[in-house]
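S.K.: Spelled out from the first residue to the last, the chains are:
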Amino acid sequence: MIMIFGIPGPLLFGQLLLGLINGAFYAMLSLGLAVIFGMLNIINFAHGALFMMGAFASWMLLDYAGIGYFPALILAPLLVGAFGIFLEKTIISRLYKLDHLYGLLLTFGLSLVIEGLFRNAYGSSGLPYRIPAILQGAFNLGFMYLPIYRGWVVVAALVVCISTWAIIEKTSLGATLRAATENAPLVQAFGVNVPRLITLTYGGGVALAAFAGVLAAPIYSVNPNMGTNFINTVFAVVVIGGMGSIMGSILTGFGLGVVEGLCKVFYPQASATVVFVVMVIVLLVRPRGLFGKAA
Amino acid sequence: MNLSRRTITLGGLASAAASTVPLRAGRAQAQPTIKIGCLTDLSGPYRDLAGPGAIAATKMAVQEFAAKGFNVEVVSADHLNKPDVGATIAREWFDRDGVDLIVEVANSGVALAVAGVAKEKNKIFICSGSATSDLTGKSCNASTIHWVYDTYMLAKSTGGAMVKAGGDTWFFLTADYAFGKALQRDTTDFINAAGGKVLGSVAYPFPGTSDFSSYLLQAQSSGAKVLGIANAGADTINTIKQAKEFGIKMRLAGLLLFISDVHSLGLDVAQGIALTDSFYWDMNAKARGFSDKFIAKMPGDRPTMAHAGVYSSSLHYLKTVTEMGAAQAKLDGAATVARMKAMPTEDDCFGKGSIRIDGRCIHPSYLWEVKSPAESKGPWDYYKPLGSTPADEAFRPLDQGGCPLVKA
Numbered sequence: 001m002i003m004i005f006g007i008p009g010p011l012l013f014g015q016l017l018l019g020l021i022n023g024a025f026y027a028m029l030s031l032g033l034a035v036i037f038g039m040l041n042i043i044n045f046a047h048g049a050l051f052m053m054g055a056f057a058s059w060m061l062l063d064y065a066g067i068g069y070f071p072a073l074i075l076a077p078l079l080v081g082a083f084g085i086f087l088e089k090t091i092i093s094r095l096y097k098l099d100h101l102y103g104l105l106l107t108f109g110l111s112l113v114i115e116g117l118f119r120n121a122y123g124s125s126g127l128p129y130r131i132p133a134i135l136q137g138a139f140n141l142g143f144m145y146l147p148i149y150r151g152w153v154v155v156a157a158l159v160v161c162i163s164t165w166a167i168i169e170k171t172s173l174g175a176t177l178r179a180a181t182e183n184a185p186l187v188q189a190f191g192v193n194v195p196r197l198i199t200l201t202y203g204g205g206v207a208l209a210a211f212a213g214v215l216a217a218p219i220y221s222v223n224p225n226m227g228t229n230f231i232n233t234v235f236a237v238v239v240i241g242g243m244g245s246i247m248g249s250i251l252t253g254f255g256l257g258v259v260e261g262l263c264k265v266f267y268p269q270a271s272a273t274v275v276f277v278v279m280v281i282v283l284l285v286r287p288r289g290l291f292g293k294a295a
Numbered sequence: 001m002n003l004s005r006r007t008i009t010l011g012g013l014a015s016a017a018a019s020t021v022p023l024r025a026g027r028a029q030a031q032p033t034i035k036i037g038c039l040t041d042l043s044g045p046y047r048d049l050a051g052p053g054a055i056a057a058t059k060m061a062v063q064e065f066a067a068k069g070f071n072v073e074v075v076s077a078d079h080l081n082k083p084d085v086g087a088t089i090a091r092e093w094f095d096r097d098g099v100d101l102i103v104e105v106a107n108s109g110v111a112l113a114v115a116g117v118a119k120e121k122n123k124i125f126i127c128s129g130s131a132t133s134d135l136t137g138k139s140c141n142a143s144t145i146h147w148v149y150d151t152y153m154l155a156k157s158t159g160g161a162m163v164k165a166g167g168d169t170w171f172f173l174t175a176d177y178a179f180g181k182a183l184q185r186d187t188t189d190f191i192n193a194a195g196g197k198v199l200g201s202v203a204y205p206f207p208g209t210s211d212f213s214s215y216l217l218q219a220q221s222s223g224a225k226v227l228g229i230a231n232a233g234a235d236t237i238n239t240i241k242q243a244k245e246f247g248i249k250m251r252l253a254g255l256l257l258f259i260s261d262v263h264s265l266g267l268d269v270a271q272g273i274a275l276t277d278s279f280y281w282d283m284n285a286k287a288r289g290f291s292d293k294f295i296a297k298m299p300g301d302r303p304t305m306a307h308a309g310v311y312s313s314s315l316h317y318l319k320t321v322t323e324m325g326a327a328q329a330k331l332d333g334a335a336t337v338a339r340m341k342a343m344p345t346e347d348d349c350f351g352k353g354s355i356r357i358d359g360r361c362i363h364p365s366y367l368w369e370v371k372s373p374a375e376s377k378g379p380w381d382y383y384k385p386l387g388s389t390p391a392d393e394a395f396r397p398l399d400q401g402g403c404p405l406v407k408a
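Here the protein sequences come in this chain order: A and B. Counting in the working numbering, the first sequence runs from 1 upward without gaps. Counting in the working numbering, the second sequence runs from 1 upward without gaps.
Source of the hints: derived by calculation from the structure; they are not laboratory data. A few of these clues could be false.
Claimed, not checked - Derived DEER-like restraints, expressed as beta-carbon distance ranges:
1) A:D63 with B:A334: 48 to 58 angstroms
2) A:N120 with B:N71: 25 to 35 angstroms
3) A:G109 with B:D168: 44 to 54 angstroms
4) A:G9 with B:N192: 29 to 39 angstroms
5) A:Y267 with B:G402: 25 to 35 angstroms
6) A:R286 with B:P205: 19 to 29 angstroms
7) B:D97 with A:R94: 38 to 48 angstroms
8) B:D168 with A:A270: 27 to 37 angstroms
9) B:T88 with A:Y96: 31 to 41 angstroms
10) A:A270 with B:D97: 38 to 48 angstroms
11) B:Q328 with A:Y267: 51 to 61 angstroms
What the hints assert, rightly or not - In silico negatives: residues of chain A with every beta carbon more than 10 angstroms from chain B:
12) I21
13) G38
14) L73
15) I91
16) D99
17) Y145
18) Y149
19) N193
20) I219
21) F230
Note that the coordinates shown come from a computational prediction; the quantities given were computed from them, not determined experimentally. Ideal Cβ positions, reconstructed from N, Cα and C, are used throughout, including at glycine.
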């Protein structure tokens, strides 16, 4: 057997792959955060709770309405996205003129309220959500046993991340969006409804979180705390990638997933902190983040 | 220094008591109030196995007991799985709010901290929801009782049965805090004693880990036959789910599984797993009776052994208080605990039992197997019995724990 740094080769490859899978979740979540921060200047701490709501929405669709996984993949983001739009219209939009800190506090409070409500209603052990029949089973890759579902998560995440990046960077809608962030009054003068654009952007970012939530539902038990486990890491990802940088958050998400995966082999006790160690180093060397533009 | 501090605290309490007496003297009866604090996990991974159900169980004991000659009040709080938070709440309760007894405390790290505070303040802590056997071992004290289960009992029952069935090589997946470490340590002792071997282990950060796949692959590549799952609650659920997902071929030893975990996993995932519980809601008529009363308070739930322990221990405490008089009981926690140890325990959940000098409450432990979906007759019909260990053998022998109270 090949040994790499004292670890059997097959085990190491397995860890790299698992790191990519976890990285897929980091990428999807940090992407939504980056989009929302880029357009709205809001640090959306409620992102984890909205991710959790996505998972719960898919569970509810199945349990109360008999709607399966694949329709839920579309419906749950729409439902949670609509909830996001409601939040933006009624509460968050009042804070645009204030300092970032207020947005952070508000969304943090919202996430506590949302998680508390779900905990009261559904407990904390989590609810079972089965992997859809077509994605059950596993590939034997020789060095590891890869569940088909996990492979699907990586593919789905990549497709969603790249499409989002393409929409923002390559389409005229994206160009309008970017222009509106740079200079809202001017874009408004051209007849673009900027407030509506911002609302829809928030809804879109939230829908991304909910999409990740649906993908996560069969892997982790659908649990009111599932977002909190992710959100701190995801914030570190956004900071490392560079606040507001779309491609930066995607690449950093996958990259840090791998770093964390390796840490789980070499020193598991530190696997929850390694991302923050990287964050500190990056902030010291490149305060704008790896992909952030200089102001 | 310590002595003077305690004297001051006692003096403070006495003056507080004195100041309340004249206020109440106007009423027909001036009854002392016994306060029970249920300190539990209301928001984390242990919420369902303890949490709101534990508060309900405390209140059940109080209502059923219908104390005469004193009032009983129940307060509750969330320790957030943080030992410092738990210790701070315990201090506030004892010092400021006049709490006499703290029950439950799921999370061994918090439990060890609260046991220290109870000793310092000469109050009482009866632990039901956490497992570390150190509570009655090297960290034992005269103010603390450990009621339901501990890592030694779980290791002996589940671990011992696994080794007997041929599972002689182990790999541990361990929550990196007091409980996980104690559980791994105690189980390792049994594996070694039986001629088995531990091939490796991984300690993961607690709380906050939800993906165990990486550790599961490490376990698999160790070549061990048994995966010792040294965690609890939502973490155990995720571990077992993901072991199934990744086709882990090892035998799973869920060293601490609650019925709430099995409920969340579903029988198709959990079937066949061996586990140890000292209470199962359907084990006999009395347990079913307790369960029915519990459901009336917590619709849609069934009591876990932690819930049963909170009920049973609160009941025993109230009996003792009645016997020794509430005023006396409020004054001296250690003396009350000594009286509790002298009295045999008896209730619907655990039957007859007793409390040892080291604070260990003893009763039989039961080994169960999770039923297959075909065997289960309906919701919550989850366990079938595999065996049992009598009370005097289920727990660590008195002389092996290293508890200073035993030597004295």
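S.K.: All hints, please: hold or fail.
M.R.: Comparing the hints with the structure gives:
For A:D63 and B:A334, the Cβ-Cβ distance of about 51 angstroms falls inside the hinted range of 48 to 58 angstroms, so the restraint holds. Between A:N120 and B:N71 the beta carbon distance is about 29 angstroms. The supplied range of 25 to 35 angstroms therefore holds. For A:G109 paired with B:D168, a C-beta distance near 53 angstroms keeps the hint of 44 to 54 angstroms intact. Our hint of 29 to 39 angstroms for A:G9 and B:N192 holds, since their Cβ atoms are close to 31 angstroms apart.
Checking the proposed 25 to 35 angstroms range against A:Y267 and B:G402 shows it holds: the Cβ atoms sit about 31 angstroms from each other. Checked against the given bound of 19 to 29 angstroms, the beta carbons of A:R286 and B:P205, roughly 27 angstroms apart, stay inside it. One distance hint, 38 to 48 angstroms for the beta-carbon pair B:D97 and A:R94, holds here, with the actual separation near 39 angstroms. Range check, B:D168 to A:A270: Cβ separation about 32 angstroms, and the 27 to 37 angstroms hint holds.
Distance hint check: the CB atoms of B:T88 and A:Y96 are about 38 angstroms apart, consistent with the given range 31 to 41 angstroms. At roughly 39 angstroms, the beta-carbon separation of A:A270 and B:D97 lies within the given 38 to 48 angstroms, and the hint holds. Distance hint for B:Q328 and A:Y267: a CB-CB separation of about 54 angstroms, consistent with the stated range 51 to 61 angstroms. The beta carbon of A:I21 sits about 8 angstroms from the closest Cβ of chain B, which is not more than 10 angstroms, so the claim that it is off the interface is violated.
No Cβ of chain B comes within 10 angstroms of the Cβ of A:G38; the nearest lies about 28 angstroms off, and the non-interface call holds. Once the 10 angstroms rule is applied to beta carbons, A:L73 is consistent with being away from chain B; the minimum gap is 19 angstroms. Its beta-carbon lying about 23 angstroms from the closest one in chain B, A:I91 satisfies the requirement of being farther than 10 angstroms from that chain. Once the 10 angstroms rule is applied to beta carbons, A:D99 is consistent with being away from chain B; the minimum gap is 29 angstroms.
With 10 angstroms as the threshold on Cβ separation, the claim that A:Y145 sits away from chain B is violated: the shortest Cβ distance comes to roughly 5 angstroms. Residue-level check failed: A:Y149 sits 7 angstroms from the nearest beta carbon of chain B, not beyond 10 angstroms. A cut-off of 10 angstroms between C-beta atoms confirms that A:N193 is not in contact with chain B; the least separation is 40 angstroms. Distance to chain B contradicts A:I219 as a non-interface residue, since its nearest Cβ pair spans about 7 angstroms, not more than 10 angstroms.
Residue placement check: A:F230 does not keep its beta carbon more than 10 angstroms from all beta carbons of chain B (closest about 8 angstroms).
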